[in-house]
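K.L.:
Using the hints, position chain B against chain A.
There are 2 protein chains.
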Amino acid sequence: MKRIADSTVRRLSVYLRFLEGSSQRGLTTVSSAELARHGGTTSAQVRKDLSFFGSFGKRGLGYSVPELTNSIRDILGLGREWNVVIVGAGKIGTALAQYDGFRPRGFHVVAVYDTDSGKVGTRWDGIVVRDFSQVARDLASQPIDIAVLAVPAEGAQDAVRRLVDAGVKAILNFAPVQLKVPPDVAVRSVNMAMELEGLSYELSSRAR
Amino acid sequence: MKRIADSTVRRLSVYLRFLEGSSQRGLTTVSSAELARHGGTTSAQVRKDLSFFGSFGKRGLGYSVPELTNSIRDILGLGREWNVVIVGAGKIGTALAQYDGFRPRGFHVVAVYDTDSGKVGTRWDGIVVRDFSQVARDLASQPIDIAVLAVPAEGAQDAVRRLVDAGVKAILNFAPVQLKVPPDVAVRSVNMAMELEGLSYELSSRAR
Numbered sequence: 045m046k047r048i049a050d051s052t053v054r055r056l057s058v059y060l061r062f063l064e065g066s067s068q069r070g071l072t073t074v075s076s077a078e079l080a081r082h083g084g085t086t087s088a089q090v091r092k093d094l095s096f097f098g099s100f101g102k103r104g105l106g107y108s109v110p111e112l113t114n115s116i117r118d119i120l121g122l123g124r125e126w127n128v129v130i131v132g133a134g135k136i137g138t139a140l141a142q143y144d145g146f147r148p149r150g151f152h153v154v155a156v157y158d159t160d161s162g163k164v165g166t167r168w169d170g171i172v173v174r175d176f177s178q179v180a181r182d183l184a185s186q187p188i189d190i191a192v193l194a195v196p197a198e199g200a201q202d203a204v205r206r207l208v209d210a211g212v213k214a215i216l217n218f219a220p221v222q223l224k225v226p227p228d229v230a231v232r233s234v235n236m237a238m239e240l241e242g243l244s245y246e247l248s249s250r251a252r
Numbered sequence: 045m046k047r048i049a050d051s052t053v054r055r056l057s058v059y060l061r062f063l064e065g066s067s068q069r070g071l072t073t074v075s076s077a078e079l080a081r082h083g084g085t086t087s088a089q090v091r092k093d094l095s096f097f098g099s100f101g102k103r104g105l106g107y108s109v110p111e112l113t114n115s116i117r118d119i120l121g122l123g124r125e126w127n128v129v130i131v132g133a134g135k136i137g138t139a140l141a142q143y144d145g146f147r148p149r150g151f152h153v154v155a156v157y158d159t160d161s162g163k164v165g166t167r168w169d170g171i172v173v174r175d176f177s178q179v180a181r182d183l184a185s186q187p188i189d190i191a192v193l194a195v196p197a198e199g200a201q202d203a204v205r206r207l208v209d210a211g212v213k214a215i216l217n218f219a220p221v222q223l224k225v226p227p228d229v230a231v232r233s234v235n236m237a238m239e240l241e242g243l244s245y246e247l248s249s250r251a252r
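Top line first, the protein sequences correspond to chains A and B. Letter by letter, the first sequence follows residues 45 to 252 of this note's numbering. Letter by letter, the second sequence follows residues 45 to 252 of this note's numbering.
Honestly, the hints are just simulated from the structure, not real lab data. Each hint can be trusted.
As the list makes no split between identical chains, a pair holds if one copy fits it or if it spans any two.
Pairs of lysine-lysine residues, derived as DSSO-like cross-links and limited to a Cα-Cα distance of at most 30 Å, are as follows: (1) K224 - K92; (2) K135 - K213; (3) K163 - K135.
With the rest of the complex left out, here is chain A (with noise of 0.2 Å):
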């Protein structure tokens, strides 16, 4: 399969939840223009973005919302549930271990990670904060999927190498770095910091 560009798979998201509203909302065919609106884009991006993957839609009648619905979550690899651990029971680390918008995507948080020996055994929701000096040795009972990264800057280098070498493949970073990783790791990063930035540089472009 050729190479999707993040936008596009961003955009399968956002398509993804229009569809999931229209269906609680009875619907039972959407067209390209309504899928463009709640995407922000065009009707021709719609029909572009959906052609990488097969033939939905027939022209005239829109899509099929359950049939779209499924092409898109088996797409996105949403047919499954993924394991999870959180590396760093900071903030923000705190408030991803606890957000309720995961696990109704298959996203199970399954271990909490520190090196702080006074967070280590501590207990949040049910999930118990564990050393990372021990992540190899836990990976290698219990395979994750996915791991998200929420470290100081400083020591998100070194976490990702442990990681890496634990066997995880995709990594979230919300640490304000640029992460070195094999060919074969997957990364996405999320920088609160940078967002705002996007923010004040489309404030100050429009005062120019």
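P.N.:
Using the frame of chain A, we list chain B on its own:
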């Protein structure tokens, strides 16, 4: 000024962090190859990204670290303070209000709002939780630049309507919903589950 793609603005934020690190390590020049490596892109893309904003660097000499740092800070609107409010005193809102990465870049959290009378009046790190029903009155006396929306999906659009009515022109949205705003209001969305979907997509497409 022509419209610059979000992806370009994101890379400017990454280049800026690399330049700041270079400065701390005592470097006075960097090459486009180094910027490219840290930005996960090519030298040609670095030159293109920077060309939107003027003429930087000298062939064979690279870019002056202090000069390019100042230029990017200026482009991103980081030469001033921005007043930020957080709407929603739940888990994500709490973590964001206490996030220590905003202040060093000039993003100053001046207030947190909630509609829950049990939370209004409580205090975190010196910031009192205010009653969201008073937001228009508060903003009339203390204008703010950016609102961070950390409320449940079902309340998000109504909260945005009130913020826009109160004059807010930039919103960082953590609610899992596509917001409708007037064209003069900038929105960026961060959806934690969608970020994980990007990774489950990657893992699934490799397994196909």
